[in-house]
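The whole structure should be built from the sequences, with the hints applied where relevant.
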Amino acid sequence: MDRESDFYKGAYGLYLTAKEAAEEAEGEYLSFPKCPIPGCPLHTQLPITPEKRSKTINFDNEGFQTLPIRKQAKSKIIEQYFPQIIETSNKFKNLKLQNEISESQTIQEENENKNNDTEMTIKNQLPPPIMLKITKNYRQQLKELTLAYENLRTKLSGEYIKLYVDTPEQYRSLTKYLRQTETAEYYVIKPKQERPIRVCLKGLPWDTDMEDIQEELIELGFNPQKICQLQNRRTKLPLPIFLITLPRTEEAEKIFKITRLCFMTIRVEGYRGRGVTQCYRCNFFNHSAQNC
Numbered sequence: 001m002d003r004e005s006d007f008y009k010g011a012y013g014l015y016l017t018a019k020e021a022a023e024e025a026e027g028e029y030l031s032f033p034k035c036p037i038p039g040c041p042l043h044t045q046l047p048i049t050p051e052k053r054s055k056t057i058n059f060d061n062e063g064f065q066t067l068p069i070r071k072q073a074k075s076k077i078i079e080q081y082f083p084q085i086i087e088t089s090n091k092f093k094n095l096k097l098q099n100e101i102s103e104s105q106t107i108q109e110e111n112e113n114k115n116n117d118t119e120m121t122i123k124n125q126l127p128p129p130i131m132l133k134i135t136k137n138y139r140q141q142l143k144e145l146t147l148a149y150e151n152l153r154t155k156l157s158g159e160y161i162k163l164y165v166d167t168p169e170q171y172r173s174l175t176k177y178l179r180q181t182e183t184a185e186y187y188v189i190k191p192k193q194e195r196p197i198r199v200c201l202k203g204l205p206w207d208t209d210m211e212d213i214q215e216e217l218i219e220l221g222f223n224p225q226k227i228c229q230l231q232n233r234r235t236k237l238p239l240p241i242f243l244i245t246l247p248r249t250e251e252a253e254k255i256f257k258i259t260r261l262c263f264m265t266i267r268v269e270g271y272r273g274r275g276v277t278q279c280y281r282c283n284f285f286n287h288s289a290q291n292c
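Just so you know, the sequence shown maps onto residues 1 to 292 in the UniProt record's numbering.
Hints listed in this document are in silico derivations from the structure and should not be mistaken for laboratory results. Any given hint could be a false lead.
Ranges between beta-carbon positions, derived for each pair [to be verified]:
1. Leu220 with Glu185: 42 to 48 Å
2. Gln214 with Arg272: 19 to 25 Å
3. Pro168 with Trp206: 40 to 46 Å
4. Gln125 with Cys200: 26 to 32 Å
5. Glu250 with Lys136: 55 to 61 Å
6. Asp207 with Pro247: 25 to 31 Å
Glycine included, every Cβ here is placed at the ideal spot set by N, Cα and C.
Below you can see the structure in the form of structure tokens.
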């Protein structure tokens, strides 16, 4: 900017005039005395640096100073030495006590086993349930059965109602009653004592004659009711497995101990049918036409 121009000279003159006025006002302000009003909010000046707070020191009644925990010296724990005492004991002193405890436990276990055996025999003596098919008039059927048999117990099982009685005589009577009722659809479960024993004989050639097997079993003291040979489900070819049906007796239970037959080493296993049993009379499952 050109300092010789009129604009610059005018602006510079205004600057000098304002500067002189400011210096004059500052001098007049400094000549004023201090504000006589204590704590005046307009004239009180805050200190540039805040004052440091004095730390409070706690003294007790006797004049002793209490230091904070972080400044207290850690007390040293003085370990005291005690002579090691060697304990001696007789390892056979508890032998008598252990014998008494074992004898009491043995007696208790024998009593529990007797009670369990008694409960199991009672449960085994109860006849199996009779399966009554659920129909529209099942309530009327159960009402008539309850009036005829006071101790009758019922329980829902899928599409059937289980009928429980306490004695074999009641079981036979209830079966006869249902047989005479034409509207009742039911099937029975034979007790285990009445079911035959079915075993699988393995170890003989597949072309063994079943009459030879029957003859040898009769010579050994067994009375086989039926002997058949199992087949492969896909190929329908005969398998070297023979299914034998025997009446359930104490002598028939010994068939599992046979290890030789027809001059061959064999093994006898319990038969477990695969799949679900279906009745050919009512076309329902879990029972056979013989018990329907």
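Item to complete: Using the Cβ atoms, figure out if Gln125 sits within 26 to 32 Å of Cys200.
Response: Because 30 Å falls inside the window, the suggested range holds.
Fill in: Assessment of proposed distance window 55 to 61 Å (beta carbons of Glu250, Lys136)
Given about 47 Å between the Cβ atoms, the range is violated.
Discussion item. Looking only at beta-carbon atoms, does the pair Leu220, Glu185 fall within the given range of 42 to 48 Å?
Written reply: holds, 43 Å
Worksheet item: Cβ-Cβ distance between Asp207 and Pro247: within 25 to 31 Å?
Response: holds, 28 Å
Practice prompt. Determine whether the Cβ-Cβ distance between Pro168 and Trp206 falls within the hinted range of 40 to 46 Å.
Written response: holds, 43 Å
Worksheet item: Has the hinted range 19 to 25 Å been met by the Cβ atoms of Gln214 and Arg272?
Response: holds, 23 Å
Violation of the numbered hints given earlier is confined to hint 5; every other hint is satisfied by the structure.
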